[in-house]
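Peer 1: Each chain, written out:
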Amino acid sequence: MIFWLIAEVIKILIVFACLLAAAAYLTLLERKIAARIQNRMGPMEAGFHGLLQPIADGIKLFFKEDIIPAGANKFLFLLAPIIVVIPALTTFAVIPFGAPVKIMGHTVPLQITDVNIGILFILALTSLGVYGVVLGGWASNSKYSLLGGIRTAAQMISYEVALVLSIVGIIMIAGDLSLAKIVSEQSHMWFIVYQPVGFIIYLIASTAEMNRVPFDLGEAEGEIVAGFHTEYSSMEFAFYFIGEYAQMVVNSAIIVTLFLGGWQGPFLPSVLWFLIKVFFVILIYLWLRWTYPRLRYDELMDLGWKFLLPLALANIVVTGFIMILLNR
Amino acid sequence: MDTEKQENSIIEISKNFLVGLKTTIKTFFQKPVTFQYPKERLAIAERFRAFPHLNVNGDGSLRCVACFLCQTVCPSEAIKIKSGYIDYGLEHELTERQKHNHSLDKLKAGTFNDGRRHPSSFEIDLLRCICCGYCEEICPEEAISMGNDYEVAFYTRDEAIYGIEKLVKSR
Chain L
230 MIFWLIAEVI KILIVFACLL AAAAYLTLLE RKIAARIQNR MGPMEAGFHG
280 LLQPIADGIK LFFKEDIIPA GANKFLFLLA PIIVVIPALT TFAVIPFGAP
330 VKIMGHTVPL QITDVNIGIL FILALTSLGV YGVVLGGWAS NSKYSLLGGI
380 RTAAQMISYE VALVLSIVGI IMIAGDLSLA KIVSEQSHMW FIVYQPVGFI
430 IYLIASTAEM NRVPFDLGEA EGEIVAGFHT EYSSMEFAFY FIGEYAQMVV
480 NSAIIVTLFL GGWQGPFLPS VLWFLIKVFF VILIYLWLRW TYPRLRYDEL
530 MDLGWKFLLP LALANIVVTG FIMILLNR
Chain P
3 MDTEKQENSI IEISKNFLVG LKTTIKTFFQ KPVTFQYPKE RLAIAERFRA
53 FPHLNVNGDG SLRCVACFLC QTVCPSEAIK IKSGYIDYGL EHELTERQKH
103 NHSLDKLKAG TFNDGRRHPS SFEIDLLRCI CCGYCEEICP EEAISMGNDY
153 EVAFYTRDEA IYGIEKLVKS R
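Chains L and P, in that order, are what the protein sequence lines are.
Position one of the first sequence corresponds to residue 230 (the working numbering), numbered consecutively onward.
Position one of the second sequence corresponds to residue 3 (the working numbering), numbered consecutively onward.
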């Protein structure tokens, strides 16, 4: 029992530290990739090729003045960034990041907890992030923040539907909601082969869910200054950033778990396979971001409701038909 | 016209999306066109010209003979010259030709000169200068030429007026 407790705590600490470090260094990766795509060099000054840039940014943000606008709802204003970060970090609890290892005769699964409704847990938590954005936008007492918050809320709710429906195909094939089971079901064939359409829908919908370009309507610089985080400064602003990038890591991890066979792979250790796959999915997100311009608001809603939703429904129906035909 | 049909077809749209992705991945693997400016610098072209500076002879004396040609030709009136004579003292031995130079007669007594005019002050206002290079072109003595120092900055307008010393030192 004590061994189990210690193992859990160590796993939690490792995952927590890795997520925060990944969120910090994703900012550097994003800037570097953006620079390369635009034929620039990106940050080069802090450390070798800018390797210390995230730390420098963190220190800078930590010592910045903490401005709370007059007329802002102080409690909600401070609460909102926390609501963004916590679900993003918590979602990782159910994602298996490696094959079970044997330590001192005990089998330790490399997953903080194997909830038997893992997918539902993930969906519930990722959609909590919208509250942080909406509350932050409302509590700022600024028209830009409010507009950004409202836009983001509408967008997240719209894309949530397509996001959930795109996973249903996976659940049907795997026959289980537990993520560990889903990973072990993919030992012969990754689910992206059976569900290519579901993969694409999930990729698009999760980009919209994370408020990233080309779906960053909520923080559109050209239109509403910085959207919901216009009034935020200092560490609260940093919290929004950590939340955004942690969400990106988590979403990539979900994609890897659901579609790309999780930690399974030949030759290399399972954790390494997981990290490599997550890294490549993150690269896809970055690649998308620096390729496409932002959608107009009506285009965004059109894409969500008129294209992705029917496609996701059709995907479920077709998957069901084929499963009946193959008599599985 | 079938343009409308093309715009609406999903295949066409997704093909354009893929073209965008291909473009960005191609530039991703290209060499960056920017460089780390204060550490690395672009090679300056041979005919590059920045602000003018004054040339000196081998012994360190100015080549300028205060002929005023550059001040006259300067389109932005950046150059201000005051002519004068250099006092070589009693020890200076005049050449035969210099002895017969009566332009020296006007000098006050006790001043000895080599018989050539020299600028007593030579000022170029770098804020007026347009780096056109006319002064270099017209100078009969090759006393003024265009440098290549493009990083010139001042705190006040007065600092921008370069005297003889600064003009000799600047590149």
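FYI, nobody ran anything at the bench for these hints, they're computed from the structure.
From a predicted model like this one, the values you see are computed outputs, not experimental measurements.
All C-beta atoms in this analysis are idealised placements derived from N, C-alpha and C, irrespective of residue type, glycine included.
The reader is advised that the hints may include incorrect statements.
[Said to hold, decoys possible] In silico contact screen, one side only, chain P against chain L (beta carbon under 8 Å); selected entries:
1) I27
2) Q38
3) P40
Peer 1: Going back to the hint list, which numbers does this structure go against?
Peer 2: 3
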